[in-house]
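Chemist: Letter by letter, the chains look like this.
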Amino acid sequence: EIVMTQSPANLSVSPGERATLSCRASPGVSSNLAWYQQRPGQSPRLLIYGASTRATGIPARFSGSGFGTEFTLTISSLQSGDFAVYYCQHYNNWPLTFGQGTRLELK
Amino acid sequence: EVQLLESGGGLVQPGGSLRLSCAASGFTFSSYAMSWARQAPGRGLEWVSTISYSGGTTYYAHSVKGRFTISRDNSNNTLYLQMNSLRADDAAIYYCTKDQGIQQWVDSWGQGTLVTVSS
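Going down the list, the sequences are from chains A and P.
So the first sequence is residues 9 to 115, counted in my numbering.
So the second sequence is residues 228 to 346, counted in my numbering.
Keep in mind that the hints were calculated from the coordinates and are not lab data.
Glycine residues also receive a C-beta, built at the ideal position from the N, C-alpha and C atoms.
One thing to keep in mind: the hints can contain errors.
[As the list claims (entries may be wrong)] Label-pair ranges, simulated between beta-carbon atoms:
1. A:THR13 to P:SER302: 36 to 46 Å
2. P:ASP300 to A:TRP102: 15 to 25 Å
3. P:SER290 to A:SER34: 17 to 27 Å
4. A:THR61 to P:LEU232: 36 to 46 Å
5. P:GLY271 to A:PRO67: 17 to 27 Å
6. A:SER15 to P:ARG314: 38 to 48 Å
7. P:ASN303 to A:SER22: 16 to 26 Å
8. P:SER298 to A:SER73: 36 to 46 Å
9. P:ARG270 to A:TRP102: 15 to 25 Å
10. A:ARG69 to P:ASP316: 32 to 42 Å
11. P:GLY271 to A:THR80: 15 to 25 Å
12. P:ASN301 to A:THR77: 33 to 43 Å
13. P:ALA250 to A:GLY49: 18 to 28 Å
14. A:SER88 to P:GLY282: 39 to 49 Å
[Claimed, not checked] Short derived list, chain P residues pointing at chain A, Cβ under 10 Å:
15. GLY283
16. TYR287
17. GLY339
18. LEU341
Please work from the sequences and hints to get the whole structure.
Modeler: What follows is the structure in structure tokens.
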């Protein structure tokens with residue numbers, strides 16, 4: 009089973025600043041990685057797939073990068089609606105697994 | 228617009244059974260793999276099970292294999308999850324998801340249905 013580890017667990021950032029979230033896969037998952045956003049009380053929403061492709065309707069301030077074992081989600085110029093929990097997930101093989109999440113908080 | 232509406236959640240005793248349903252609309256249901264994922268209260272996301280577009284292939288998380296069964300009715304655009312031998316650690320919000328393909332990312336999530344396992 010592939011283990012997905014996200015860091016940090018919590019991240020405090022001010023509106024307008026940049027946030028950088030990390031996800032590590034062990035073993036590697038090529039580019040078979042997605043990122044999801046979950047706002048309080050809501051279902052998750054797809055942000056990124058293929059490690060770096062934005063889903064339909066996702067603003068350009070969200071960007072993904074990485075390959076293999078190290079991945080990054082960058083959110084530039086944070087807005088109020090961006091404060092949420094972010095999950096990475098691999099789909100390289102079965103079973104699919106998620107990271108434990110990074111909670112992005114308002115500083 | 229993709230809509231996924233789960234139902235069937237509720238309170239069940241340990242060892243009991245429950246059947247979840249997911250009514251899908253807004254897309255060609257029979258063309259897409261579908262999955263169930265869950266989220267225990269205050270916890271992260273966990274993939275549970277996936278079924279191919281035809282229903283001919285299924286996959287399960289180790290934690291539910293042998294107890295849960297995923298199925299679909301393409302004529303009625305409905306996804307199911309039969310849950311047997313329920314345990315306290317199965318308590319969670321269960322989400323129905325539309326997948327981009329088999330062994331691919333989730334592109335749409337339902338609102339979820341809450342399953343509580345308690346005596």
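Chemist: Check the following: the C-beta atoms of P:GLY271 and A:THR80 are separated by a distance inside 15 to 25 Å.
Modeler: holds, 19 Å
Chemist: Is the interface hint satisfied for P:GLY339? The criterion is a beta-carbon contact with chain A at less than 10 Å.
Modeler: At 6 Å from the nearest chain A Cβ, P:GLY339 passes the 10 Å test, so the hint holds.
Chemist: Starting from the hint 38 to 48 Å, judge whether the C-beta atoms of A:SER15 and P:ARG314 obey it.
Modeler: The hint (38 to 48 Å, Cβ to Cβ) is violated, given that A:SER15 and P:ARG314 are roughly 31 Å apart.
Chemist: Assuming the hint says 15 to 25 Å, is it satisfied by the Cβ distance from P:ARG270 to A:TRP102 or not?
Modeler: Given about 22 Å between the Cβ atoms, the range holds.
Chemist: May I ask you to test the hint 15 to 25 Å on the CB atoms belonging to P:ASP300 and A:TRP102?
Modeler: holds, 24 Å
Chemist: Could you tell me whether the CB distance from A:THR61 to P:LEU232 stays inside 36 to 46 Å?
Modeler: violated, 28 Å
Chemist: Does the Cβ pair P:SER298, A:SER73 satisfy 36 to 46 Å?
Modeler: holds, 38 Å
Chemist: Holds or violated: the 17 to 27 Å window for the beta-carbon distance between P:GLY271 and A:PRO67?
Modeler: With a Cβ separation near 24 Å, P:GLY271 and A:PRO67 satisfy 17 to 27 Å, so the hint holds.
Chemist: A closest beta-carbon separation below 10 Å is what the hint needs, so does P:LEU341 meet it against chain A?
Modeler: Check failed: Cβ of P:LEU341 comes no nearer than 13 Å to chain A, outside 10 Å.
Chemist: Honestly, do A:SER88 and P:GLY282 meet the 39 to 49 Å range at C-beta?
Modeler: holds, 42 Å
Chemist: Hint says 33 to 43 Å; check whether the CB-CB distance for P:ASN301 and A:THR77 agrees.
Modeler: For A:THR77 against P:ASN301, whose Cβ atoms are near 38 Å apart, the range 33 to 43 Å holds.
Chemist: A closest beta-carbon separation below 10 Å is what the hint needs, so does P:GLY283 meet it against chain A?
Modeler: Nearest chain A Cβ about 16 Å off; hint violated.
The structure does not agree with the numbered hints 4, 6, 7, 15, 18 stated previously, though it agrees with the rest.
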